[in-house]
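*Asks:* Chain by chain, the residues:
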Amino acid sequence: MAKSKIEGDKGLNARMFVTGLALVILYVIIITVLLQVGVQLGFVIVIAGALIFSQYFFSDKIAMFSMHAHEVTPEQEPKLHQIVDRLCLLADMEKPRVGVAETDMPNAFATGRSPKHAVICATRGLMSRLSDEELEAVLAHELSHVAHRDVAIMTIASGVGMLAGLVSRIALWSTVLSGGGRGKSGQQLVLLELLTFVLSIVIYVIAFLLTMALSRYRELAADRSGAILIGKPSVLASALVHITGDMGKIPRTDLRKAEGMNAFFFAPALASNTAASLFSTHPSLEKRLDQLNKLERELNG
Amino acid sequence: MGLRDALWGRTKQVAPKLDALFALPSAALTLETELDLVPSGNAGLCFKAGSGETELTTDDEIIQLLNFDDTSGKVSITTDDLGFKWLVVTDPALDGLVTRIHGANTSMVEHGLGPRLLCAVFGFVPKTPPGDGSVRLVYLLKQGTFYPFAPTGPSQRDNELELRVRSFIGDDLPMEKNLARWMALWNLPVT
Numbered sequence: 040m041a042k043s044k045i046e047g048d049k050g051l052n053a054r055m056f057v058t059g060l061a062l063v064i065l066y067v068i069i070i071t072v073l074l075q076v077g078v079q080l081g082f083v084i085v086i087a088g089a090l091i092f093s094q095y096f097f098s099d100k101i102a103m104f105s106m107h108a109h110e111v112t113p114e115q116e117p118k119l120h121q122i123v124d125r126l127c128l129l130a131d132m133e134k135p136r137v138g139v140a141e142t143d144m145p146n147a148f149a150t151g152r153s154p155k156h157a158v159i160c161a162t163r164g165l166m167s168r169l170s171d172e173e174l175e176a177v178l179a180h181e182l183s184h185v186a187h188r189d190v191a192i193m194t195i196a197s198g199v200g201m202l203a204g205l206v207s208r209i210a211l212w213s214t215v216l217s218g219g220g221r222g223k224s225g226q227q228l229v230l231l232e233l234l235t236f237v238l239s240i241v242i243y244v245i246a247f248l249l250t251m252a253l254s255r256y257r258e259l260a261a262d263r264s265g266a267i268l269i270g271k272p273s274v275l276a277s278a279l280v281h282i283t284g285d286m287g288k289i290p291r292t293d294l295r296k297a298e299g300m301n302a303f304f305f306a307p308a309l310a311s312n313t314a315a316s317l318f319s320t321h322p323s324l325e326k327r328l329d330q331l332n333k334l335e336r337e338l339n340g
Numbered sequence: 006m007g008l009r010d011a012l013w014g015r016t017k018q019v020a021p022k023l024d025a026l027f028a029l030p031s032a033a034l035t036l037e038t039e040l041d042l043v044p045s046g047n048a049g050l051c052f053k054a055g056s057g058e059t060e061l062t063t064d065d066e067i068i069q070l071l072n073f074d075d076t077s078g079k080v081s082i083t084t085d086d087l088g089f090k091w092l093v094v095t096d097p098a099l100d101g102l103v104t105r106i107h108g109a110n111t112s113m114v115e116h117g118l119g120p121r122l123l124c125a126v127f128g129f130v131p132k133t134p135p136g137d138g139s140v141r142l143v144y145l146l147k148q149g150t151f152y153p154f155a156p157t158g159p160s161q162r163d164n165e166l167e168l169r170v171r172s173f174i175g176d177d178l179p180m181e182k183n184l185a186r187w188m189a190l191w192n193l194p195v196t
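Quick note, the sequences are listed as chains Y and G, same order. Counting in the working numbering, the first sequence runs without a single skipped number right up to 340 at its last residue. Counting in the working numbering, the second sequence runs without a single skipped number right up to 196 at its last residue.
Keep in mind that a hint or two might mislead.
[Stated by the list, open to error] Covered by chain G, per the in silico footprint, the following chain Y stretches (three or more residues, Cβ under 8 Å):
no.: 1; segment: 102-109
no.: 2; segment: 276-286
[What the hints assert, rightly or not] DSS-like, lysine-lysine: derived pairs with alpha carbons at most 25 Å apart:
no.: 3; chain 1: G; residue 1: LYS53; chain 2: G; residue 2: LYS132
no.: 4; chain 1: Y; residue 1: LYS134; chain 2: Y; residue 2: LYS155
no.: 5; chain 1: G; residue 1: LYS147; chain 2: Y; residue 2: LYS288
no.: 6; chain 1: G; residue 1: LYS147; chain 2: G; residue 2: LYS132
no.: 7; chain 1: G; residue 1: LYS53; chain 2: G; residue 2: LYS79
no.: 8; chain 1: G; residue 1: LYS147; chain 2: G; residue 2: LYS90
no.: 9; chain 1: G; residue 1: LYS53; chain 2: Y; residue 2: LYS296
no.: 10; chain 1: Y; residue 1: LYS100; chain 2: Y; residue 2: LYS118
no.: 11; chain 1: Y; residue 1: LYS296; chain 2: G; residue 2: LYS79
no.: 12; chain 1: G; residue 1: LYS22; chain 2: Y; residue 2: LYS296
no.: 13; chain 1: Y; residue 1: LYS118; chain 2: Y; residue 2: LYS134
no.: 14; chain 1: G; residue 1: LYS90; chain 2: G; residue 2: LYS132
no.: 15; chain 1: G; residue 1: LYS182; chain 2: G; residue 2: LYS147
no.: 16; chain 1: G; residue 1: LYS22; chain 2: G; residue 2: LYS132
no.: 17; chain 1: Y; residue 1: LYS155; chain 2: Y; residue 2: LYS100
no.: 18; chain 1: G; residue 1: LYS147; chain 2: Y; residue 2: LYS296
no.: 19; chain 1: G; residue 1: LYS147; chain 2: G; residue 2: LYS53
no.: 20; chain 1: Y; residue 1: LYS100; chain 2: Y; residue 2: LYS134
no.: 21; chain 1: Y; residue 1: LYS326; chain 2: Y; residue 2: LYS288
no.: 22; chain 1: G; residue 1: LYS79; chain 2: Y; residue 2: LYS288
no.: 23; chain 1: Y; residue 1: LYS296; chain 2: G; residue 2: LYS182
[Claimed, not checked] From chain Y, some residues computed to sit far from chain G (all C-beta separations above 12 Å):
no.: 24; residue: SER93
no.: 25; residue: LYS134
no.: 26; residue: LYS326
Just so you know, these hints were derived from the structure itself, not from any lab. Quantities reported herein were computed from a predicted structural model and do not represent experimental measurements. Glycine is no exception: its CB is placed at the ideal position from the N, C-alpha and C atoms.
Could you build all of it, start to finish, from the sequences and the hints given here?
*Replies:* Here it is as structure tokens:
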């Protein structure tokens with residue numbers, strides 16, 4: 040992977056390192072609390088480990104399934120494959136599998152635990168909305184996720200958050216049912232219960248916020264690398280404007296066809312979008328455009 | 006749909022809302038001053054072709070019904086590639102178009118065709134030819150709301166222009182707030 044020519048960003052790296060470090064410290068705190076409370080350590084770790092492992096190992100299948108995406112051959116989607124081929128050549132990385140999701144929501148995602156198992160996927164709505172150049176920019180962003188091994192990193196990071204959530208529950212029950220309460224008065228027991236509960240909630244919230252922050256940094260890093268790869272940050276910026284916000288909500292579906300799916304004009308024709316959840320872990324559009332503008336000046340200034 | 010209708014499994018047929026149509030001429034003025042768009046002289050009423058129910062089975066019968074006062078302009082009926090019928094009205098004056106579309110709506114409702122009506126479309130074109138491209142204002146009869154539709158190709162639309170149209174005429178017309186309902190009408194017979 041060291042071969043990839045996608046350049047790094049030092050400031051971003053530093054911030055990511057701090058976020059990652061904070062997550063590790065949190066991890067240590069969780070284990071300490073866990074032992075203090077007297078939970079069966081092995082039990083917690085086995086469950087959390089199994090969950091994280093399956094999420095990591097089947098990430099490509101889970102993401103493809105939840106987005107209703109399917110893999111496509113170069114014959115089925117020649118243009119998409121061509122763009123990915125060209126970008127992989129540019130970045131000197133292995134070509135991931137290519138998929139398409141049959142939905143009108145404009146979105147793209149990369150998944151898979153390692154660059155070898157990666158799948159890069161675009162929705163039908165993305166392809167119909169963007170020009171070839173803009174599509175290339177979005178795919179460059181997704182390829183950067185593959186090169187940065189973001190699936191693995193985010194799985195580990197969110198795994199810590201998951202562990203925190205698990206601890207909060209188990210810690211609560213263990214204090215109520217056994218362990219910590221022995222030999223103490225009822226009042227003390229209640230206090231202890233309350234304390235572990237509050238503490239675990241706080242830990243969970245912090246873990247969640249840190250994971251989100253880490254995710255946003257990784258998005259900015261992918262924006263940056265993707266923009267540098269194609270050499271035109273402004274194209275990625277225009278693609279972002281076209282697919283996020285109001286413009287992304289306007290459908291390509293025909294009114295006359297949509298009408299057929301409804302039982303005749305009674306309900307809105309479109310289901311709530313599945314893509315919004317993917318965007319929630321993303322930095323604001325302004326922040327991303329800001330970075331791309333700066334990059335544009337650096338590259339052309 | 007009310008609770009009782011839900012319980013009994015009935016669906017009430019929604020009557021078309023027509024009042025907002027008359028606000029169109031003032032919105033057209035705004036479109037002309039702000040975006041240099043003028044009425045194209047074409048409007049259309051889209052409805053689902055059905056069978057039975059009424060005596061109106063042929064295009065001629067429908068035209069006969071709708072040609073209430075043939076002073077100016079033309080009325081024709083076309084069927085699009087999705088099997089929907091379009092009543093296309095040509096009249097250089099927007100007031101005339103609005104009156105005709107409104108009249109057509111009313112008489113179709115009277116003849117029991119109300120539930121079949123899908124939308125009304127009014128065409129707007131740039132005043133000076135090398136302009137921004139044309140825009141259609143689509144009126145959703147069941148919702149009583151308008152939205153702009155600016156196709157630029159067989160399945161491409163100019164979202165930027167559409168949002169600009171909304172920002173200018175949002176005060177004049179009841180615009181469809183839910184952008185997911187701004188459905189496309191590809192290859193429509195109204196210019």
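*Asks:* Each of the hints needs a verdict: does it hold here or not?
*Replies:* Results of checking the hints against the structure:
With 0 residues carrying a beta carbon less than 8 Å from a beta carbon of chain G, the segment 102-109 of chain Y misses the three-residue requirement, and the given coverage is violated. Interface restraint, the segment 276-286 of chain Y with chain G: holds (3 residues with C-beta to C-beta distance below 8 Å; minimum three). Using a Cα cut-off of 25 Å, the hinted pair LYS53 (chain G) and LYS132 (chain G) is violated, with the two alpha carbons roughly 33 Å apart. Note on LYS134 (chain Y) and LYS155 (chain Y): the hinted pairing holds, with a Cα-Cα distance of about 8 Å set against a maximum of 25 Å.
A C-alpha spacing of about 21 Å is found between LYS147 (chain G) and LYS288 (chain Y), which places the hinted pair at or below 25 Å, so the restraint holds. Straight-line distance between C-alpha atoms of LYS147 (chain G) and LYS132 (chain G) comes to about 31 Å, which puts the hinted pair past the 25 Å bound. Of the supplied pair hints, the one linking LYS53 (chain G) and LYS79 (chain G) holds, its CA atoms being roughly 21 Å apart against a limit of 25 Å. A hinted pair counts as satisfied when its Cα atoms are at most 25 Å apart, and LYS147 (chain G) with LYS90 (chain G) qualifies at roughly 17 Å.
Our distance criterion of 25 Å between C-alpha atoms is met by LYS53 (chain G) and LYS296 (chain Y), whose separation comes to about 11 Å. Annotation: proposed proximity of LYS100 (chain Y) to LYS118 (chain Y) holds, straight-line Cα distance about 24 Å (limit 25 Å). Restraint check: the Cα-Cα separation between LYS296 (chain Y) and LYS79 (chain G) comes to about 28 Å, which exceeds 25 Å; the hinted pair is violated. Simply put, LYS22 (chain G) and LYS296 (chain Y) have alpha-carbon atoms about 22 Å apart, close enough for the 25 Å limit, and the pair holds.
Among the hinted pairs, LYS118 (chain Y) with LYS134 (chain Y) is consistent with the structure: their alpha-carbon atoms are about 15 Å apart, no more than 25 Å. Proposed proximity of LYS90 (chain G) and LYS132 (chain G) is contradicted: the alpha carbons are some 29 Å apart, above 25 Å. Straight-line distance between C-alpha atoms of LYS182 (chain G) and LYS147 (chain G) comes to about 14 Å, which keeps the hinted pair within the 25 Å bound. Only pairs whose Cα atoms come within 25 Å are accepted, and LYS22 (chain G) paired with LYS132 (chain G) is rejected, the gap being roughly 30 Å.
Of the pairs offered as hints, the one joining LYS155 (chain Y) and LYS100 (chain Y) holds, with about 14 Å between alpha carbons and a cut-off of 25 Å not exceeded. Note on LYS147 (chain G) and LYS296 (chain Y): the hinted pairing holds, with a Cα-Cα distance of about 16 Å set against a maximum of 25 Å. For the hint pairing LYS147 (chain G) with LYS53 (chain G), the CA-to-CA distance comes to about 14 Å; that is within 25 Å, so the pair holds. Our distance criterion of 25 Å between C-alpha atoms is met by LYS100 (chain Y) and LYS134 (chain Y), whose separation comes to about 18 Å.
With a C-alpha separation of about 20 Å, the suggested pair LYS326 (chain Y) and LYS288 (chain Y) falls inside the 25 Å cut-off, and the hint holds. A threshold of 25 Å between alpha carbons decides the hint, and for LYS79 (chain G) with LYS288 (chain Y) the separation of about 37 Å lies outside it, so the pair is violated. Taken as a hint, the LYS296 (chain Y) and LYS182 (chain G) pair is honoured in the structure, with Cα atoms around 21 Å apart against an allowance of 25 Å. With a least CB separation of 34 Å from chain G, SER93 (chain Y) remains clear of the 12 Å interface cut-off, as annotated.
For LYS134 (chain Y), the condition that its CB be more than 12 Å from all CB atoms of chain G holds, with the nearest at approximately 28 Å. Against the 12 Å criterion, LYS326 (chain Y) stays outside the reach of chain G, whose nearest CB is about 22 Å from its own CB.
Violated hints, in rising order: 1, 3, 6, 11, 14, 16, 22; the structure is consistent with all others.
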